[in-house]
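K.L.:
Each chain, written out:
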Amino acid sequence: MTTVTGAMLAQVVVSGLLAGSLYALVALGLALIFGVMRVINIAHGTLLMLGSYATYWWFTYLGWNPYLSLPAAMGLLFLGGVHDPVDEKPLEKRAPELSSLLLTFGISISLVNLAQLAWTSDLRSVEFLTGSYLLGPVAFSKARLVGFAFALGITVLAFLFLGRTKLGKAIRATAQSREVAMVCGINVGRIHLLTFGVASALAAAGGSLVSVIVAIQPEMGQVWTFKSFLVIVLGGAGNYPGALLGGLLLGLVEQLSSLYLTTQVSEAIAYLLLVVVLLIRPTGLLGGRT
Amino acid sequence: MKRLGPALLALGLLAWLALWPLWASGYRVRFMLELFMWVALAQSWNLISGLTGYVSFGHVAFYGTGAYTAGILILRADWPWPLAVLAGGVTAPILALLIGYPCLRLKGPYFAIAMLGLNEVMRVVVSYFDGLTGGGLGLSLPTLHASVPVYYAMGATALGATILAFAIITSRFGLRLMSIREDEVAAEAMGIDTSRYKLYAFLLSAVAPGIAGGLFARDQGYIEPISVFPLLTTITMIVMCLFGGKGTIFGPVLGAVLLSVFQELVWARFLYVHQVLFGVIIVAVVLFMPKGILGVLQERYRLPRTI
Amino acid sequence: MDGPILEVTQVTKRFGGVTAVNHCSLSLTPGRIYGLIGPNGSGKTTLFNCVTGLAAPDAGLIRFKGERIDHLPPYLIARRGIGRTFQVIRVFPELTALENLLVVSRGDGEAARRRAMELLTFVKLDRLHREYAGNLSYGQQKLLEFVRVLVPEPELILLDEPAAGVNRTLLNDLLAAIRDLRAQGRTILIVEHDMKVIMELSEQIFVLDYGEKIAEGPPEVIQADARVIEAYFGRG
Chain A
1 MTTVTGAMLA
11 QVVVSGLLAG
21 SLYALVALGL
31 ALIFGVMRVI
41 NIAHGTLLML
51 GSYATYWWFT
61 YLGWNPYLSL
71 PAAMGLLFLG
81 GVHDPVDEKP
91 LEKRAPELSS
101 LLLTFGISIS
111 LVNLAQLAWT
121 SDLRSVEFLT
131 GSYLLGPVAF
141 SKARLVGFAF
151 ALGITVLAFL
161 FLGRTKLGKA
171 IRATAQSREV
181 AMVCGINVGR
191 IHLLTFGVAS
201 ALAAAGGSLV
211 SVIVAIQPEM
221 GQVWTFKSFL
231 VIVLGGAGNY
241 PGALLGGLLL
251 GLVEQLSSLY
261 LTTQVSEAIA
271 YLLLVVVLLI
281 RPTGLLGGRT
Chain B
1 MKRLGPALLA
11 LGLLAWLALW
21 PLWASGYRVR
31 FMLELFMWVA
41 LAQSWNLISG
51 LTGYVSFGHV
61 AFYGTGAYTA
71 GILILRADWP
81 WPLAVLAGGV
91 TAPILALLIG
101 YPCLRLKGPY
111 FAIAMLGLNE
121 VMRVVVSYFD
131 GLTGGGLGLS
141 LPTLHASVPV
151 YYAMGATALG
161 ATILAFAIIT
171 SRFGLRLMSI
181 REDEVAAEAM
191 GIDTSRYKLY
201 AFLLSAVAPG
211 IAGGLFARDQ
221 GYIEPISVFP
231 LLTTITMIVM
241 CLFGGKGTIF
251 GPVLGAVLLS
261 VFQELVWARF
271 LYVHQVLFGV
281 IIVAVVLFMP
291 KGILGVLQER
301 YRLPRTI
Chain C
1 MDGPILEVTQ
11 VTKRFGGVTA
21 VNHCSLSLTP
31 GRIYGLIGPN
41 GSGKTTLFNC
51 VTGLAAPDAG
61 LIRFKGERID
71 HLPPYLIARR
81 GIGRTFQVIR
91 VFPELTALEN
101 LLVVSRGDGE
111 AARRRAMELL
121 TFVKLDRLHR
131 EYAGNLSYGQ
141 QKLLEFVRVL
151 VPEPELILLD
161 EPAAGVNRTL
171 LNDLLAAIRD
181 LRAQGRTILI
191 VEHDMKVIME
201 LSEQIFVLDY
211 GEKIAEGPPE
221 VIQADARVIE
231 AYFGRG
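Residue numbers (our numbering), protein chains in the order written: chain A, 1 to 290; chain B, 1 to 307; chain C, 1 to 236.
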């Protein structure tokens with residue numbers, strides 16, 4: 001085993017935070033859906049994938065700067081999200097969680113395979129911002145750095161939205177208690193759709209930012225769904241700042257493990273971590289509702 | 001006297017299936033063999049997810065475990081394949097015990113996601129122990145023209161799984177499992193040790209997939225991680241069970257038959273379309289007929305709960 | 001048996017910042033009917049949950065027939081002889097009425113079936129034994145849940161608002177059934193908002209307010225107790 005230098009450690013920490021910011025952004029969307037609708041959106045990663053492809057096609061055919069087309073990607077998926085069928089009414093009253101799992105599962109399968117049909121599984125990427133900045137011994141990938149900045153910015157906006165605007169507060173109220181929200185005159189059905197739209201937009205943003213960094217292919221979303229869920233479990237379901245911290249934590253853990261463990265294990269680290277956390281503290285490391 | 005009719009029909013069907021290899025071509029025998037496999041898988045998924053409501057999204061892990069168990073025993077330990085396959089039916093429940101014990105304590109969505117991740121974990125595990133499992137390159141078994149015996153073995157597995165489902169669903173054990181699905185809190189308050197029952201159901205639901213996986217390995221002669229741990233297998237068994245009617249005895253059989261035929265018509269040329277349609281079927285079933293075909297019939301025509 | 005059948009000692013239960021049950025103590029003598037009343041939010045259901053194991057007390061002890069049961073899992077507590085019904089009906093909707101009872105039965109198949117049918121007949125649901133519980137009317141489901149509690153022959157029965165939403169005729173049957181249970185030697189603790197029912201049935205009443213026991217005594221005494229009156233009507 002090679003000795004770990006301070007520089008290597010610093011590099012790894014930086015990489016971890018950069019990656020973690022993206023996890024946090026995407027997981028926030030999932031946290032919203034789960035908190036407000038009590039739905040586990042297995043299609044979440046698929047939404048990210050769609051965001052990536054949108055960015056890719058706009059870049060390839062229209063020459064749009066991926067960072068400028070990001071709002072468009074968000075808008076597109078927001079519109080898609082508010083029309084989604086994942087609302088409680090038609091679902092089995094007694095087992096909404098089971099039904100929503102299966103439902104989002106089905107949607108995910110369909111979308112992923114439609115993507116396969118439409119775009120094949122050829123790997124694509126947006127060749128936009130390549131190379132890195134060097135600060136001493138530590139290299140910052142340009143794309144990741146910009147991604148970090150955007151992720152941070154969007155997350156802050158999201159928090160402002162949730163905390164300061166009337167709609168945001170309505171969303172939080174509905175997450176706390178559906179019945180009470182209804183009594184207060186909040187149109188819960190509409191809030192659900194809005195939430196799904198916002199969450200989809202956040203996933204799309206993640207997809208947009210990621211399109212410059214990783215290879216795009218139809219199945220890319222699966223791992224994001226999983227990691228988003230892991231982040232929520234780490235941070236505590238329904239705990240939005242927790243999602244932020246959980247994302248950063250995941251990023252750090254992954255990078256650190258790649259330094260100290262074999263590649264195979266570090267790939268599986270997310271899954272192992274999930275199982276471990278679920279067993280020890282299902283309410284999340286930072287606490288929160290289950 | 002009333003029972004005689006359906007009983008004769010059943011016997012006739014079994015006889016027809018038993019004689020099938022004698023007049024059907026190799027391809028058709030294969031088709032039925034796969035059909036049997038799906039029946040066994042869908043029935044098993046039903047045992048845990050249909051009865052207790054704990055949705056297992058990683059059930060294919062048991063299938064893969066059975067495949068690798070049998071494969072390794074045949075290749076490295078020279079076991080005769082029937083024994084190796086049965087061993088798969090033992091290691092799969094052991095895996096179920098290891099995972100089930102901690103994971104079944106989790107609430108619905110958490111359990112589902114944990115099972116979803118299980119798949120990936122298994123693939124990584126298999127890749128890691130590549131000395132034993134051949135890693136990414138897979139395992140090649142000595143060739144054996146055993147389609148017909150495997151056909152019968154798979155048929156027996158499907159039959160066994162269905163009989164097991166029948167026994168459970170008509171018993172008090174089955175009622176208790178279903179009470180967990182209906183209202184776990186109330187079930188606990190009524191004196192039912194829900195943790196233990198869930199675990200039993202989970203273990204039982206792993207046996208048939210373990211055996212089926214082993215048989216698949218023997219039949220194909222070659223296995224690699226992606227062929228025995230594919231998400232598509234889990235999706236397919238879920239769709240079949242939902243479509244036919246989860247929680248019923250013959251629902252999974254019905255679903256398996258209908259969708260196998262559908263698969264035969266669509267898959268061969270249109271893999272991705274096929275999967276898209278599966279996704280659409282899941283969405284449609286969940287939204288419009290969550291109880292599946294048999295469930296709808298049960299309600300409409302007031303059929304007994306145990307069909 | 002001598003000694004109280006149930007002893008709740010200084011039990012406290014908090015949910016986040018809210019103290020639902022606050023150093024509550026009560027003691028039940030076997031073979032009597034007790035009432036548990038208090039304004040909404042006074043902690044009655046939480047107390048039930050603590051006794052039956054659905055909630056773990058943060059402090060205090062609970063003893064059943066002399067043995068500690070706090071922190072035991074619900075199914076073990078149920079098996080020791082405590083049964084309960086719920087505020088919101090919790091029958092098993094996709095099981096038939098008969099199956100709802102059979103789920104709880106222990107022991108031999110035929111005998112269990114006969115006993116289940118007896119209980120159904122007791123509440124006049126025997127004709128509907130093949131009907132899915134989810135298809136029964138509200139009152140019928142309530143009776144089904146009531147009779148389901150009786151299957152394992154519990155010594156202590158906790159009833160959470162048994163009279164809610166039940167029409168007058170059914171109610172009389174229910175009250176007769178409860179008195180019958182007492183005659184069999186069982187102990188019953190009833191949470192109710194219907195004052196008439198509570199005063200009619202109970203031999204002893206506990207009053208909770210903000211999670212604390214503020215009064216205890218026979219109906220006549222409670223009705224005249226100033227603190228009780230204030231708790232219900234006095235504030236605001």
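It is worth saying that the hints were derived from the structure and are not from the lab.
In this text, a Cβ means the ideal position worked out from N, Cα and C, and glycines have one as well.
Any given hint could be a false lead.
What the hints assert, rightly or not - Below are the DMTMM-like pairs computed for lysine to aspartate or glutamate, each with C-alpha atoms no more than 20 Å apart in a straight line:
#	chain 1	residue 1	chain 2	residue 2
1	C	Lys65	C	Glu131
2	A	Lys169	A	Glu179
3	B	Lys291	C	Glu94
4	B	Lys291	C	Asp180
5	C	Lys65	C	Asp173
6	C	Lys124	C	Asp173
Said to hold, decoys possible - Cβ pair distances, simulated, as ranges:
#	chain 1	residue 1	chain 2	residue 2	range
7	A	Thr120	B	Phe288	29 to 35 Å
8	C	Ala224	A	Glu179	34 to 40 Å
9	A	Val180	C	Glu230	53 to 59 Å
10	B	Phe288	A	Lys142	30 to 36 Å
11	A	Leu261	B	Arg76	46 to 52 Å
12	B	Gly131	C	Gly66	57 to 63 Å
13	A	Glu179	B	Ile226	24 to 30 Å
14	A	Glu179	C	Ser27	32 to 38 Å
15	A	Val183	C	Ala183	25 to 31 Å
16	A	Ile280	B	Leu132	29 to 35 Å
17	C	Arg106	B	Ile163	23 to 29 Å
K.L.:
Compare the structure with the hints numbered earlier in the document and write down the numbers of the violated ones, lowest to highest.
P.N.:
1, 4, 5, 9, 10, 11, 13, 15
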